[in-house]
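Asker: Based on these hints, arrange chain G on the given structure of chain S.
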Amino acid sequence: MRTSRRITVLRTVFLIGGLGLVAIPFVWILLTAFKFPVDAASVPPEIFSPFTWSNFTQVFNGEYLQSVGNSVIITVGTTVATLAFGVPAGYALARGKFFGRRFLGAFLLFSRMVPPVIFIIPLFLFFHELGLIDSFLGLILAYLSGLLPFTIWLCASYFADIPQELEDAARVDGCSRFQAFLRVALPLAIPGVITVGMLIAIAAWSEYFIPLLLAGPYTTPATVGLVNFIGVDTINWGAMAAAALVLAVPVFFVTLLAQRGLLRGLTAGAIKG
Amino acid sequence: MQANRQAPASRGGLSLFGAFDRHFLVGVAWPSLVLMLAITAVPFILTIALAFTNYDLILSQNWKFIGLDNFGQLLADPQMPVVVFNTAYLVIATTVLDTLVGLALAILMEASFRGVGLIRSLYLLPIMTAPIIVALTWRAMFNDEAGWINYFLGLVGLPQPVWLGDPILAMPTVIISDMWTGVCFQAVLLLAGLLAVSKELKEAAVTDGANRWQVFRHVTLPSIRPILFVAVLLKAIDEFRKFEGIQILTTGGPGIATTTLNLQIYDTGLFYDQVGYAAAYGVLMIGMIALTAGGIWYFLGRNR
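Residue numbers (this note's numbering), protein chains in the order written: chain S, 24 to 296; chain G, 203 to 506.
No lab work stands behind these hints: they were computed from the structure. Just so it is clear, the structure is predicted and the values come from calculations on it, not from any experiment. C-beta: ideal position from N, C-alpha, C; glycine also. There could be a bad hint or two in this list.
Said to hold, decoys possible - Simulated restraints on C-beta separations:
(1) 399(G) x 188(S): 38 to 46 angstroms
(2) 267(G) x 129(S): 25 to 33 angstroms
(3) 189(S) x 263(G): 57 to 65 angstroms
For reference, chain S alone in the conformation it holds in the complex (with noise of 0.2 angstroms):
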């Protein structure tokens, strides 16, 4: 017994201080966005340094604050048409026998392998031809290549679960396909279907490389836009940090509500994959 004591006692340990590690960067960003622009900036650096609010005045009143629209705009729509698309092929995949489902399952493994530097160029010749270059649509298009498969693979998982014999029964009594999927199967995978939507929020709330090449004046997220504080020569660190909070803090209660959600969500691909 005082032996295992003690193993409990060296874990905490050493998992606080991981936690510690894990804390570093949280606590430069936090420090520093409440930083005047030359403490923020001096050489050797100042841990802690007088309070200000003015970084947040500065981000809330220049063209990040649009940004952050932006992001909120492609954010939610990425997300309505991944569900849309991803929760009834999820459903196809996980109740079999269809014309195309050896295809299917294959092809979501293929996508998932080849990175998104590969389909970008032909998808920028594209919407330059199409005129979907700096349009939501256009960005919400191309986030679906990198999270459609996802959607469609855990949603699969999520559907696998829920027993066959319940929507047989609804059929039984009458029930159309479409409707024991809608009344009978997808009730019992909303939890599911919620963790999905979260994951691909959080995804779509995060992407940096599409809306590099794909966005332009109109609808730059605010990945993109956070960089714009690295000037010519100086970058504005306190803004950076105050701009980088704005973006963190939503995903970081979202990530801490739900944390049991997320965590099986992260895992259940890779445990039935």
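Answerer: For chain G alone, kept in the frame of chain S given last:
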């Protein structure tokens, strides 16, 4: 099965809805499939096709097929071996380090004690933070004059290197900053595997006289091998596409000391407009990913 045949009959099988309903699964799967073909498969094939052309963003009207010229140029390109080496360096180092440290962290988090739920969820935060924020923050912290890291190293009397400007140190710096998220990611995945290992099996091994290491080596490790395979595969594939953590931290520099295939394709195709040549680099990248995935499957995924 009986039910499947009865229900549509009771629904007037000739109506439009009846037709939709009989093909419900196909009907809901194919829109997604068509969409994905349009936004991933078609671009994928086009990128491979572009590798055989001299397509250029500025002179886009005058492109033609040039056979294997881009690949000839690739073989003669002095940057190519460096970029391939950098990619392999990054992928191997991060995959090995993130997985080993992540496994250790997962083992620490496996036990159930008071507060373990909160600890597990706090380790989720780096995974959920936008990579661009992570990259910008590490860039500030690794700054050789104003950064915290050199400040603390100075306090304890250690040397204060120019992390991001030193060709030898730049890649390790990228890798260290990667570990901040990567270790947490691997730990979360592997923890799920560890929690699913049969307790009876472990207890049986202890009853048979196995010590801790033997239980881990002969019971736990074989049980988590499927998820270990997936975790390693996903990690390696994600490192190939790593962008913010390099572009923002070092811009691929100093020189091309941290330029990976991903950045090279981005620079060549979209910065210097040589789309055809960038696509040839893309084909090289696809080959390297396929080789890596195959290797990981051979060592971890295969049924033995």
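Asker: With reference to the structure, classify each hint as holding or not holding.
Answerer: Do the hints match the structure? See the list:
1. For residue 399(G) and residue 188(S), the Cβ-Cβ distance of about 30 angstroms falls outside the hinted range of 38 to 46 angstroms, so the restraint is violated.
2. The supplied range of 25 to 33 angstroms is met by residue 267(G) and residue 129(S), whose beta-carbon atoms lie about 30 angstroms from each other.
3. The hinted window of 57 to 65 angstroms between residue 189(S) and residue 263(G) holds, with their beta carbons roughly 59 angstroms apart.
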